[in-house]
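Each protein sequence line maps, in turn, to chains R and G. In case it helps, this note's numbering puts the first sequence at residues 1 to 280. In case it helps, this note's numbering puts the second sequence at residues 1 to 529.
Among the hints, erroneous ones may be present.
On the chain R side, residues computed to face chain G include the following (Cβ under 8 Å) [stated by the list, open to error]:
id, residue
1, 49
2, 52
3, 144
4, 229
Quick list of the computed label-pair ranges, beta carbon to beta carbon [to be verified]:
id, chain 1, residue 1, chain 2, residue 2, range
5, G, 398, R, 186, 52 to 60 Å
6, R, 166, G, 59, 36 to 44 Å
7, R, 105, G, 429, 54 to 62 Å
The hints are simulated quantities; they were obtained by calculation from the structure and are not laboratory data. No residue lacks a Cβ here, since even glycine has one placed at the ideal position from N, Cα and C.
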Amino acid sequence: MSTTTEERRADRMIRALFAVAILAAVGFSFIYWYDDDTQLEGAFLGGGLVALAVGLIVWSHRLMPEGPFEEEYPDLRSPARTEAEVLSSLERGGVGRRKMLIGSLGAFGVAVAGGVVSTLRSMGPTPVSLAYSPWTRGLKLVTSDGTAVNASEVPVDSIVSVFPAGFTNSPQAPAVLIRLPPGLNHPLPGRSTWAPQGFICYSKVCSHAGCPVNLYNRTAYELQCPCHQSTFDVLRGARPVFGPAGGPLPQLPLRVEADGTLLADGPLSGPPGPVFWHHS
Amino acid sequence: MPARTIRELNAAIDSRVGTQKFLKNALDHIFPDNWSFMLGELAMYCFLILVLSGIYLTFFFDPSDSEVVYRGSYLPLHGQTMSLAYQSTLHLSLDVRAGLLFRQLHHWSADVFLAAIVAHLCRIFFTGAFRRPREINWLIGVTLLILSIFNGFSGYSLPGDLLSGAGLRIAYSIAESVPVVGNWIATLFVGGQFPSDQLTHRLYIAHVFLVPLLIFGLLGLHLALIWRQKHTQFAGVGRSERRLVGSQLWPTYTARSLGLFAGTAGVLVLLAGLAQINPIWLYGPYKPESMSSNSQPDWYVGWMEGALRLFPGWRLHLFGYTVSEVFWPAVVLPLATFAALYAYPFVERRLTNDLVSHNLLDRPRDRPGRTAFGAGALSFYMVLLIAGAQDTLAHILGTTQPPVMLTLRGMTLAVPPLVALVTWKVCRDLSAAGRLPDTEPPQGPNDAASPPPARYLPARARYETADGAEAPAPASPLRRGGAALLGLSGAFAAGWFTRRSRTARRPNGAPGGGRDVGRDRAASQKRGR
Chain R
1 MSTTTEERRA DRMIRALFAV AILAAVGFSF IYWYDDDTQL EGAFLGGGLV
51 ALAVGLIVWS HRLMPEGPFE EEYPDLRSPA RTEAEVLSSL ERGGVGRRKM
101 LIGSLGAFGV AVAGGVVSTL RSMGPTPVSL AYSPWTRGLK LVTSDGTAVN
151 ASEVPVDSIV SVFPAGFTNS PQAPAVLIRL PPGLNHPLPG RSTWAPQGFI
201 CYSKVCSHAG CPVNLYNRTA YELQCPCHQS TFDVLRGARP VFGPAGGPLP
251 QLPLRVEADG TLLADGPLSG PPGPVFWHHS
Chain G
1 MPARTIRELN AAIDSRVGTQ KFLKNALDHI FPDNWSFMLG ELAMYCFLIL
51 VLSGIYLTFF FDPSDSEVVY RGSYLPLHGQ TMSLAYQSTL HLSLDVRAGL
101 LFRQLHHWSA DVFLAAIVAH LCRIFFTGAF RRPREINWLI GVTLLILSIF
151 NGFSGYSLPG DLLSGAGLRI AYSIAESVPV VGNWIATLFV GGQFPSDQLT
201 HRLYIAHVFL VPLLIFGLLG LHLALIWRQK HTQFAGVGRS ERRLVGSQLW
251 PTYTARSLGL FAGTAGVLVL LAGLAQINPI WLYGPYKPES MSSNSQPDWY
301 VGWMEGALRL FPGWRLHLFG YTVSEVFWPA VVLPLATFAA LYAYPFVERR
351 LTNDLVSHNL LDRPRDRPGR TAFGAGALSF YMVLLIAGAQ DTLAHILGTT
401 QPPVMLTLRG MTLAVPPLVA LVTWKVCRDL SAAGRLPDTE PPQGPNDAAS
451 PPPARYLPAR ARYETADGAE APAPASPLRR GGAALLGLSG AFAAGWFTRR
501 SRTARRPNGA PGGGRDVGRD RAASQKRGR
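Chain R with its partners taken away, still in its complex shape (with noise of 0.2 Å):
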């Protein structure tokens, strides 16, 4: 086959290629078998396969025609009388001119569309109101394992995740618990008895796109979102102050028990989590 000393060398070095190829593909069975370390195996069917490519690369570009070759590109548009021939065919049995027998067959189409995409409606339950927060007032704050939480427990500059007790799996439960250093909080009017002793407890639920807000800045007594960096000022009823959230984390009215039990003394300031059309 090989003629000239180019296309000699050509194959041979197209036969190497292909040679370690199959050694690294033995190689790779090996190592899955014997050890089956991730590295290695990657490497070893990764490497094999990388030198099969260069070997039919090379292959096409040594060894086999490289042209030019050309043909015509086809005319796509089809002769005038064919077309007469499609259309007068489609015609058959006067199909086009039952107007009336093509319609209703439409609207059956539509009827029968209709009805199957409305069987969708079973893919849920009817949509409960996404206001809905299991915070009323009386219920203890508790950490997710469902153990309460005790104000004694809850050092100056701490931050808490809690639930509202016997709800920890609801996902428009989690809020944060920060304890504050006396004297720092500017309560919004109508909230000054909602901290008491320095405990003030927001909604986790970020109001961007409810993400938990998972990220406390002690210095600067922010709470940050992760997942897209809205901020919130724990001094002034969680107000946004950077990123994108259009409005406030909804704060919980704390009451502090003379054990130290942690109480909600009354429900969320808001709905939880991102607005939506029926948000008041």
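Start from chain R and add chain G according to the hints.
Okay, now just chain G, sitting in the frame of chain R:
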């Protein structure tokens, strides 16, 4: 003469089916040679690898939201409550032989698949390959892009780890934000309130069956149309609107294409083995109250993520109803983007009044308007993509987030027109340089039979040799291989740099709280089983 078995097999099939005419036509089919024509093929091979690796993953993955307490081999997560989906992904990654290799291969392939599609889209756009008669294939291609993004996102959402759960929570919020019917859309999609026990199951059937089936069908149609209409080509010696010049399908093009397949698979397997991606065991299972900083989606959703981060918190209150600030960047922007993509060929046709068929491609410089528009639009989405990692960027730059965000906001407005203007000017100058009369050689005899359309003559002339009859020496295989490798590694590099880097680092501004699971736990990639 081929071997006897081949001859006999060929005769046996032909005498029953009658294949020779088709085969002769197919084997002689001609494809033009240009590295940029391989980008679509690269995407196709990524899809093939996705299907193959994905089938392997289905043997081990359990698409269930049922809760279990983990008692497997990965000690840092012992005793944690998690979904079966997450548990089976842990098992697949850490206990199944070669499981991690296939999972990472699948993830890398998805990232490179989308990168190849976008590169292919750019090639088609900037060379005007979408013009008549190929508008249908443009529409199919845009649909394939949308389906692929959706399937990428649904796959990313399956394992039930912290990041995928948060991604779904955001998707749910986006659905909620649609005016009037948002709550209905979100509820029906999820099958109740988020997180429902049906969501992973639904995503799974969409991810492994519905969407791949659609992609498969549309891909077939895409290829059939290329076959029927034949591939476009750049102008050159002997090439015209009527005559296509290139390599034959058999054997040259077949070997080259198989080489591309092997090369794609090879690089992806190397990445799968050597470059860690989406180490879900470090993220921990999804919990509605947990999230870590530096969290980002896969790169192809990054532009939407960036839009969500940059768009100001404008809430619209209308007659007692509210439109969320999420609606504009996350619903309107993607819809407008894809609507613009679908409409582009028809808008351009209207604007340029270009009604004839084209088989010769434009050089981008010869169409300054289109090229400037495309470059400007691309730069807009690039800024958004960068903004999708603005917290990480601020961290890298050692600054706080506000200046980074404000700069990026400004850039979304300032960069696109600037890029468009510069592109337009550069194109005009390059194109004018190619049109100087003294650089225009005489017409080659090859073109005498079929004169090209007059408006593209100056641009074509530069490619032709003085004596026209002789083909230019083909670029050396080394150079071509180099160019192909460069293109391929460029695509991979794009994937590499935009790869999710969310091994938890110290968040900005030294935040305290956070109950993230497994964030600070040392874990290494599968060793010492």
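Results for each hint:
For residue 49 of chain R, the interface hint holds, since its Cβ comes within 8 Å of a Cβ in chain G; the closest pair sits about 3 Å apart. The criterion of a C-beta within 8 Å of any C-beta in chain G is met by residue 52 of chain R, whose closest approach is roughly 4 Å, and the hint holds. A cut of 8 Å between beta carbons decides the hint on residue 144 of chain R: the least distance to chain G is about 7 Å, and the hint holds. A least Cβ separation of about 6 Å between residue 229 of chain R and chain G falls short of the 8 Å threshold, and the interface hint therefore holds.
About 32 Å separates the C-beta atoms of residue 398 of chain G and residue 186 of chain R, a value inconsistent with the hinted range of 52 to 60 Å. In this structure the supplied range 36 to 44 Å holds for residue 166 of chain R paired with residue 59 of chain G, their Cβ-Cβ distance being about 40 Å. The supplied range of 54 to 62 Å is met by residue 105 of chain R and residue 429 of chain G, whose beta-carbon atoms lie about 60 Å from each other.
The structure is inconsistent with hint 5 alone, although it conforms to all the rest.
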